[in-house]
Structure formats: structure tokens, C-alpha cells
Amino acid sequence: MSASDRPSSLTPLARVGFSRLGDAEQLLDELAGLTGIPREDVLEHAAMAADPDEALHAVTKLARRDDQAVRRAHRHRSAWRALWALLGASSGFGEFFARHPAELDELVHAGERLPTEDELRASLLEAVGAVDGFAADGGESAWVALRVRYRRLLARIAAFDLLSPSPVDEIAAVSARLADAAGAALEASLAVARTRVSGGAAGAGLFPREQVAETGLAVIGMGKTGARELNYVSDVDVIFVAGGSETAVAEIGESRIVDIATRLAVQTMRGISGVEIEPPLWEVDANLRPEGKQGALVRTVDSHVAYYERWAKSWEFQALLKARPIAGDPVVAAQYIAAVQPKVWTSAARENFVDSVQRMRERVTEHIPASDVPYQLKLGPGGIRDIEFTVQLLQLVHGLSDDRIRQRGTLAALDALVAEGYIGRTEASAFSRDYRVLRLLEHRVQLRHLRRTHLMPERPDDLRVLARASALADTGQGVWDLWESVKREVRDIHVRLFYRPLLSAVAALPADERVLSTAQAHDRLAAIGFADPAGALRHIAALTSGLSRKATIQRHLMPVMIRWFADGVDPDYGLLAFRRLSERLGDTHWFLRMLRDSSGAAESLSRVLSGSRYVGELMEWIPESAAWLDDPDLLRPRSGRALQEEARAIQTRHATVVEAMRAVRALRRREQLRLALAAILGAVTIEEVAEALTTITEVTIQATLRAVRRDIVPPEDAALDFSVIAMGRFGGAELGFGSDADVMYVYRANGIDPQRAHELALKLVAGLRTHSEDHRVPLELDADLRPEGRNGPLARSLDAYAEYYRRWALSWEAQALLRARGVAGSVKLIHDFMQLADQVRYPEQVDLTAVREIKRIKARVESERLPQGVDPSRHLKLGPGSLSDVEWLVQLLQLQHAHDVPAMRTTSTLDALRAAVDAGLLPANAADRLAEAWRLASRLRSANTLLSGQTSDVLPVDRNKLDGIGRLLEYPPRSATRVEEDYLGTTRRARRVFEKLFYG
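For the record, in the sequence shown the residue sitting at position 675 is 675 according to this note's numbering, with numbers rising by one throughout.
Simulated from the structure, these hints should not be mistaken for lab results. Check each hint, because a few of them may be wrong.
[Unchecked claim] Heads up, simulated DSS-like pairs for lysine-lysine below, C-alpha to C-alpha not over 30 Å straight-line:
#, residue 1, residue 2
1, K293, K313
2, K877, K961
3, K313, K343
4, K293, K378
[Said to hold, decoys possible] The following label-pair restraints were derived from C-beta to C-beta distances:
#, residue 1, residue 2, range
5, H449, S545, 54 to 62 Å
6, D633, D911, 23 to 31 Å
7, K996, A766, 45 to 53 Å
In this text the structure is predicted, and so the values were computed from the model without any measurement. We put the beta carbon where it would ideally sit given N, CA and C, even for glycine.
Please model the complete structure; the sequences and the hints are all you need to start from.
Shown next, in the form of C-alpha cells:
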């Protein structure tokens, strides 16, 4: 061939997939010369090979050894096709056929179907000439025959796998046949072992044939073998169990039976794994037996049971999940499985079972060499073990009470878990797909050299071969990218499911609560705290009846949630509220999936519903709020800017004030609920609660004023300025749940007729009060702190305020202005009003008459404003040492000193208190006692509202209510007395400070 012709002749080789083109050209010529097979026929089949270079090299090497065998294979299209597929994917098969070229004849019809389990067993037993459990020969030649026959059958399985149009879809069937082949190989090796042990072979002992025949040895497959999910080259995990008939035990003796069985087990393992002319098949690993390597290789059923009952660790029960008889005595195997399987499904009830399984998975990951982690298909993050551990943990926990998910295989278990509602369809589908992909990659990297490995290749050429062999991608980079994306998806699902708290909660349930039967449930519900067990049963039946997926998932959730409700303040209300919420959400896919899969949403929901009627009633109307429990960020209070933008957007979408205010009220309810959930779950402090409630109220009033003004003030009167001034706790940004919003209204005519301006201002006030009303979450705009109180006009002009304060202001009115703060309306008018207020509330000096008047009014408030019949010491607002004591003392100090101490010019009680300490006006320890009492009273007041859904300023006497309030404040259960004592003690200390500093 001329040099000019050579490039064109190499082009078809590159197109087929050859990379070493010069070598391929030479080997093609040599193969044609040895066998006479046309070059075109070789190229056609080389294109099917994952690695055409390797395949051509192996076929040529075979032809050098036995050209007739290669010619015979070529005459059968199925054999020729299978040969190229095998040799292109596996140099290991190339070495096998090089050792035994005659085995090429057995490739006829290879790849057309998988051999059955019976065919595998029959073929391997025939290879050793087994009759009645004994091989024809106990010599090493029998082991060689066994190994050669096994690899012949393995080649048929691999041919089917490699020639499949979609090998990823055949992974379950291929893995099952590999496990069946391993079981058949062990059966054949056991037959050889019986012959050796009864024939006195070297190292095998010598026992009478009759006693060997009577000795029952069962081989129990564990791990992937037991699950029928085996790889091409993997350790085969087994447990050996000895036994025999009652007659055999009586005649031979149990100890001798165990001795014989042990010799049989050793020889069986040697037949598979020992060094012989034909290389070992795989390692037979018996280390999952009781006590591991230190324990007896063979035990009786009773000995196994005794160990599992007394000494076994959690991981050993997890391993038994896969146990399956694969060879040996079927009667002994059945006895073993019957004895240990119940223990598998009760193991999750052991203390800290879930934690121990989770820690074990973490230890596996920690022990991977750092350099291997990016390539680990099996053990690394996002690998096969993540899927298997997740599925097994779900099985073991929920299999306590549901035998429908008790499956050995991972894929079968996934199907059962999704069918019974323990895992979402989306996650199950992703896990199933990803598991098949990972297992296919694992199969292909092991086939490459018929060697045990779980590492993805690093070299680009090896990745290219893997892509072709797996049919998962067109390029090496493509298969690597697929692997990376599968890892990420698997790890994400694993972390969400493997660590979800519901697993620990289900595992920790007492045995009699895992399944709620009607016969026992009434008494059980009453015993754990339900006041109306009959009603609770009706709610449970409504939630769990039917065949829908929703009802199925509810049946799994209910035992755990019932326990969580029972741990709450009002389990009956919690269950009722959960039923209402579930019915409102209907078949919404995310709700039950979140409760089942989230990292704590179900427990949080149980806690808030059983602890707060305020929350329960709002969640019924805002059911989508349940989603916030799955994301801590969604429980954080939203900023004032974000709320303002949303409120303004609402008003641009709605033409009428009625429609706009309906949407604004919905916004306020939603944000109040968000804040209530955060407060109950401890996600916000009392200061954050006060600030957020104040912001929500400000935004509501601002939006209401905009809507009302647009509706009431005509264009010709647009010059009218109108503002809302926050007073009291609203002005101090110290609102609690259920607090009124104290306000004053001010206007400025700006050239409009004064009477017209006054009428418009009163209409604005009326509109504000009307459209801010909310029967679900009341918002009362209380204007009683205005000049002259209830006897004064609802709105005044700025000039009227100035005139009044100059001529008539009383000391309490100046005191009220200490917390005045503009929140809505004209910014310029607010600025001017605050300048006026500063002149009144921060005087250069306060005369003694005014001070005495303030003290007199405070004494009157204590004696006259307390509701009749209420114990003063329990009133959270007006009682001794409570809110009013702290606030009046601080406000007196502000009136006296804020003119000279600018830091005290604040509407915040606690900020003013700190400023007084810094200015030396108050001892630090006294301020600490006052602040402690103020905070506790504020928290108790809000908790009282959250608990009952109604506003109350009185600390309840009822012990259950006190306990409920304590729970909301994160006291332990049954802390009613402690809550009461803490409050009374704190306010008593604060009262002593108040009396000393206020009354002198």
C-alpha cells in the first residue's frame, strides 16, 4: 500500500471506534490471514465493541492460539456477535477464552436470553458430576471444572447484558441472575466438599459418607447476594448454618454435626476462592456471621438465635434484612429464616436504632481514602450506599408494623415504599433511575478486567470505553457529567429522607401505638391525654379512611402525630385543627409529602396546632402557611419595605376601597400568622415580635389611609394634610398579640375652609376605623389618649393641638406624648407635630405639682381601673410590678430628665431604661429587675392570646392554661406552678424597685 493510500484506509477504522489505527490495521491483516474472515465482517462487529482495539487484539490472540475455534464462532452470527461484545468490554473474558478457546463454542445463542436459575444450577452441578449432593470427584480437577463452567455461564449473562438495547433497564434481571449463578456455584462447590470430606482429601478430614449426607449445612446469602442484586465481581457474603433431622442429631450428636458442617463450609469456600490452576471466582465472605471473624464459622439455628437475642448490634439486624437461602439444606435454611426474620423487623424499636444506622453510614464515608472520594460509585456521597442505606432504614422503621414493605431487593423495596406512601413518587422514581445507572456503571467497570472495583475511571480513554459499554452517553465527558449529576441528586434525596426526624419518631413509638386499632384506641387516647377520645377517633377515621394515597400517607403519619399532639397543651384541639387543615388542602401534593419527608415540619405543625388556638384558626383560613414550617427563612418577619411594596401593589390592582382593604386585611392576617408561628417555635425574640407586629400594624394603617383618602378626599381638597400618630405601646413599637393600636389624628387645612377640612378629617377617621376592622384578627384603633380623652374631638388641626397643649394640657397628656410617633399620612405634618410634641413632653423642668399629679393618677389607676374581682397580682398590665409600673416609672424619668439627656428621648421603654442607667439616674440592678418584669409580662400577655385566641391581660388561674402558656414560653411540660411563681416573684421584686423610685 502506498503512503498516499494509507490515510484513506484508516478512516473507516476511526469511524468504527478504533483509536490505535496503525496497530488495528496490522491486526486486521493478521486475523484475516489466520482465519480467512473478511475484513468487512470484522469491522461490522468491532463497531459493537466498547473498545474495538482491545476486542481486535483479543480475537487475534485467540486466533493465534486456536484459529479453528475462532472460525467456528464466526460461522454462528450470535456467537460472533457475543464474542466481540464480550472482548470489547472485558479483557478478563479475553484472558478466559485464551485459556480455554474451546469455550467459544458455547457462545452459540449467547445474548438472546438470560439463563434461568434452574439452568444455572443444573449446569454447575453437572460440571462436577453431582449426584444426591455428592460430586463425582473430590479432587482439584472438580474445582477447575466448576470455575470454568461458571465463567461460561457468566459470559452468557454478560453477553445478554452488553447486547441489550437498553442495559440500564435490564440491571435488575442481570443482577438477579448473577446472584443465582453465585448460589449455584456454592451449591456445586458444596457437592465437591461433601465428596472431599467423606473421602479424606488433604485438609478436609475424614467422616463417614452417611454422616456427611445426614449433616445439614445451609448457605444463607447476605448483602447483594441475598437481595439478588449481585455484581459481576463482588465478595459473596454468606452465613453458614448447621443442622439435621432429629434422628441425625440423636445418632451423630449436635457437636459432631457442627464439626462436619464446619469442614464442609471451609472446603466450599476453598472451591470458590482458593488458588488453583483456574483463577478464583470471587471471595466468599462469612464475616457477617455472629461475632464476625472472631466467631465460629458455623453455628446451629439455636446458637444464632441466642446471639441475636443477647448480643447483636443494630447493623447486624440491618444486614439480616437481605438474608436468603442460596445453597445447601433447604430445611435448615427455612428454620433459620423463620427464626431470625421477626427479629429484623423489631430491631428498629431498639434504643437509638435510627441514630446508630445514621452514624454507621457516616463512618463508612469517613473511612474512604480522600483520593478515592470523587470516583467512588459505591461508598462515596451520592453513591450506591446512600440509596441502599436510605431504603433499608425506611424499611426497618416502617416495617415494624407494615409487612408489605418487607422486601430484600432495593428496587422492589422502593416500589413497595412508594406504593404504601412512605416515600414520594418523585423521590422514588429518581432513586430507582439513579440506582440503575450507578449499578450499571459499577457492572461495567468490573467487567473491564473482571476484577472487583467500585471506582469510576480517571483516564479519558477509559471513560470513552465506559460510555460505549454502558450506552449511557456518547462520550467519556458525557458519562462523567451524568455520574456527577446522579451523585448530586442521590445525595440530596438521601440527606432529606435518611435524616428526617419522622424516622426516629416512628422507631421510638411504643409497640402498642404503632397501629391504631379501633378496639384499643379509645382507651389509649384517653390515657395519653385526649379529653374526648371518641371525638378524636372520629377525626382519625376521617383522616385515614379510604384507599387514596392521601389516606395511606395519613395512616403512616397518624400514630406519630397523635403522640406529638398528646405531648402538646390541647391534643383534642390540635387534632381537630389538623383535620380542618388537611381538608382545606385537599389532595394538595406538597402538604403530606412535606410532613412525611421534611426535617421537622410534622412535629412543628403538631406543636403549634395543639399549643395555640390563635394559630389553628388562622391556619384554617391560610392553609398554605403550613409550607413555612419546612423553611426557617419563611418564618422570619418580612421587612417593612417588602410589606409596603406588596400593600401598594394590592391597591394598584383593586379599583374600590372595599376590594383593596379585603386584600390588605389578608396580608395582615398572613403576616400575623407567620409571626405567631415563629414566636411559638422560638424563632424570634419578644423584642422582634413587638417590632414586627408594630411594622405590620403601621403598613396596614398606611394602606388603609391611602385607600380611604382616595375614596373620600376629592381632587379639589387634595391640599388637605392628614396624619396618624401612634401612641402608647404602638408608639413605642412594643405591640403584642392582641394589643390595641393607640392613635391620635391630626390634620392641616392648607387653605381649605376650616370647617370643610374638619369634616373631611372626621370622615377619614371614620373610614380608617371602618375599613381596618377585622373580625378574625381584630385591630382596634383606640384614640382615648387624645387631648381630653373620650370627651375630646377625634381629630384636631395642628394649630388646635398647639393651642390646647399651650393652654390646657394636663400632666398625663404630656406623659402620653412621650410615646407619640408618626406612622401614616403627611410626612411634613408628622414632622411639625413631633416638633410640637417635643416642646410638651421634654420640658426644661417639671414642677412638683405635675409630679404629684402623675403619682396621684397612677395610684387611682391601680385602685379604680383593675377589673372587679381580678387578683391585682395576676394582672399583667396594671398589677403590681407589671407593665404599667415599669412604664410609668420610665415615663416619669423621661419627663424629668429627657430635656437634658437626649438619649432618653425615645418612645421605647427598654431603650429609655438603658439610657437612664447610662445617665446615672437609675441603678443597673434596679433597671435589670424592671426590664425582666416588663419582658416577662409582655411575653405572658402575648402567650395568653396565642393560647386561647382571645385577648386577656390576666394571668390564668386554671392550671392547664398556665401550663399551656408555659409551653409557649418554652417551659417544660407541667410547669404551671413554676410559671406562676416566676411571674409573681419577678413582679414582686420589680414592685419594690418601683415603689422606692416612683413614690419615694
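>> For K877 and K961, compute the direct alpha-carbon distance and say whether it is at most 30 Å.
In response: The given pair, whose Cα atoms are some 18 Å apart, holds under the 30 Å limit.
>> Quick check on a hinted range of 23 to 31 Å for D633 and D911, using CB atoms only.
In response: holds (28 Å)
> Taking 54 to 62 Å as the hint, is the beta-carbon distance of H449 and S545 inside that range?
Replying inline: holds (58 Å)
>> Assuming the hint says 45 to 53 Å, is it satisfied by the Cβ distance from K996 to A766 or not?
In response: holds (46 Å)
> Between K313 and K343, does the CA-CA distance stay at or below 30 Å?
Replying inline: holds (12 Å)
> Hey, K293 versus K313, does the alpha-carbon distance stay inside 30 Å?
Replying inline: Given pair K293, K313 holds - Cα atoms ~15 Å apart, limit 30 Å.
> Under the criterion that the straight-line Cα-Cα distance not exceed 30 Å, is the pair K293, K378 satisfied?
Replying inline: holds (23 Å)
Going through the hint list in order, the structure satisfies each hint without exception.
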